[in-house]
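What follows is each chain in one-letter form.
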Amino acid sequence: MIAEPLINSADTITTKTLEISIGPQHPSTHGVFRMDVVLDGEVVRALKPVVGYLHRNHEQLAEKISWLGSMPYTDRLDYFNSMSNNWAYALAVEKLAGIKVPERAECIRVIMAELSRLQNHASAIGFLLQDCGAWGTPLLYAFKEREKILDFFETVSGSRMMCNYFRFGGVRVDLNDAMLAMARKIVAEFPKFLDEFEKLMTTNEVVLARCQRVGILPRELAIAGSVSGPVARASGVEYDIRKVDKYGIYDRLEFGVPVGRIGDVYDRYYIRVLEMRESVKILQQVLRDIPAGPVQAVEVKLRGFKIPAGDGYGRVEGPKGELGFYLVSEGGPKPYRYHIRPPSFINLTVLEDMCVGHKVADAIIILGSIDIVLGEVDR
Amino acid sequence: MIPTSEQLCAAVPGVVIEIVPSTLAAAQPAMLVDREHLVAVARYLKNEPSCQFEFCSCVTGVDYLAKGFIEVVYHLYSVALKHGPVILKVRAPRELDQCHVPSLTPVWRGCEFQEREVFDLYGVKFDGHPDLRRILMWNEFTDHPMRKDYVPPADYEWEPTPHDEVLKRAKADGGIMPPSALATEVKK
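From first to last, the protein sequence lines are chains A and B. Note that my numbering has the first sequence beginning at 49, numbered continuously upward. Note that my numbering has the second sequence beginning at 165, numbered continuously upward.
For the record, the hints were derived by calculation from the structure and aren't laboratory data. Check before you lean on any hint, since a few could be wrong.
To be verified - With beta-carbon atoms standing in for the labels, derived distance ranges: (1) A:208 / B:313: 49 to 59 Å; (2) B:303 / A:64: 19 to 29 Å; (3) A:210 / B:257: 51 to 61 Å; (4) A:347 / B:327: 31 to 41 Å; (5) A:294 / B:314: 56 to 66 Å; (6) B:257 / A:349: 38 to 48 Å; (7) B:313 / A:351: 29 to 39 Å; (8) A:151 / B:270: 43 to 53 Å; (9) A:181 / B:257: 52 to 62 Å; (10) A:192 / B:313: 29 to 39 Å; (11) A:104 / B:180: 50 to 60 Å; (12) B:257 / A:302: 46 to 56 Å; (13) A:357 / B:199: 23 to 33 Å.
Claimed, not checked - Okay, derived cross-link-like pairs now, EDC-like style, lysine to aspartate or glutamate, Cα gap no bigger than 20 Å in a straight line: (14) A:64 / A:90; (15) A:112 / B:329; (16) A:247 / A:237; (17) B:246 / A:299; (18) B:210 / A:286; (19) A:240 / A:326; (20) A:382 / B:313; (21) A:96 / A:84; (22) B:210 / A:88; (23) B:253 / A:84; (24) A:349 / A:337.
What the hints assert, rightly or not - So these bits of chain A aren't anywhere near chain B, every CB distance computed over 10 Å: (25) 107; (26) 188; (27) 198; (28) 357; (29) 359.
The beta-carbon is built from N, C-alpha and C at its ideal position, and this holds for glycine as well.
One chain only, chain A, in its complex shape (with noise of 0.2 Å):
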């Protein structure tokens, strides 16, 4: 007997679920990441992410070493934003130590930032689209524009990702005219980088298709979750620590935060493209107004650098979500406690609630728009 053709197994006939390990070596995990996954047909019925295969106790190096000897390990946190890194650590012992950083270093911080910000949403719907299918052409349009901010990084502070860039009270090195030139004409040509990206994919017939309505996050869901960041915004979800803490100079800078509606997986490409755009805003900003004077609070002693005993936390709005760092000190030389509040790690606690009911391939497209890196989920 000649069986109908299946449209959707899982409803029309009895099938076995089956067991499957996605990952970790799967080039679409975006790292040693895996899910373990029960699929009947080609549906998820159940998935739970396994992480800790880059696990090499950062936390407890730290503690080991002084304050200021975890700042190039912050790095390798998020190995594509270790600016962000580096200012979510300094901001943190500044908050403990109570330093006051000087203007122009603050104004330099929001650069890094936001440019760091650019390359990390670039390449992150990059890799979305390729999780899609489209291999290779929109990451490497993406790339191409990252590229010019990797240079920049590497002007500044000598290396391209691991930068190592901020100091408590300040930055390493200032910028000079040539540099601050470089910038403004990256964010000169930023937008319409963005408009040709636009162009290809905001419409695409594909990237609709494939990405509405697939991995609604509800608002509920995104805030009981502690989900952050773009993911968190994409669901409908308000709020943006640069406006809720106005750390640094954010609460003299102009700039929107942009807030998805439905929250499935196009929201979340989407969302993106609109912070870059409002990130070049804040960019053109600070890079018209930046002030002359030091990059670094003077009264800070970086050798033998000490904090009083006690505890605090402090949290950038990093490009992934809440960056945050949570420190107790006993007044000695080195962190007692050290502790990271990772944003890819955390948004993954509703990766199951996303992806039950979809289909596999969706899942990977589901799993790229949180954009994650293993470097800062397993630490």
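Chain B: place on chain A using the hints.
The following block gives chain B in isolation, referenced to the frame of chain A:
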């Protein structure tokens, strides 16, 4: 509005709250809550209209070896009212069989992975957690590496020229296998 300890005591009868003052510039005082009433306090903070701390941002453990307890710290923020943080602290004795704390995952879903991490690295058991397994270390691992008295197992493979502590431990274990010996063993 961040509730005072009097308000919390009125809302949750029998609760023991101690305000831990912040000695640093961060000025983030914390509330030390007893284990029995932690969940009730959490639910109050989440549901009370003037608090609305519906976003549990950060969960972590701290091992105070000298004082003999492990502290679990929760940082709460409000998305609706844009205030925070409220810092909840709860303490459990360091002994593994007594190291229990009620889980807040039923209150805030976002605690799920973070509490698993605290369990994995500190050995704090969260009662009422739906899926308390190791998350960063592998399942066969038996210890809790972030405890201050943790001793890492001997692994000399990457110490071709042992010295100090490693050399002492290697001698106690009966010598070191040199890398060359390792290579011949693989060949066989």
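Note to self: Tell me the numbers of any earlier hints that the structure contravenes, in ascending order.
What the structure shows: 1, 3, 5, 10, 11, 22, 23, 24, 25, 28 and 29
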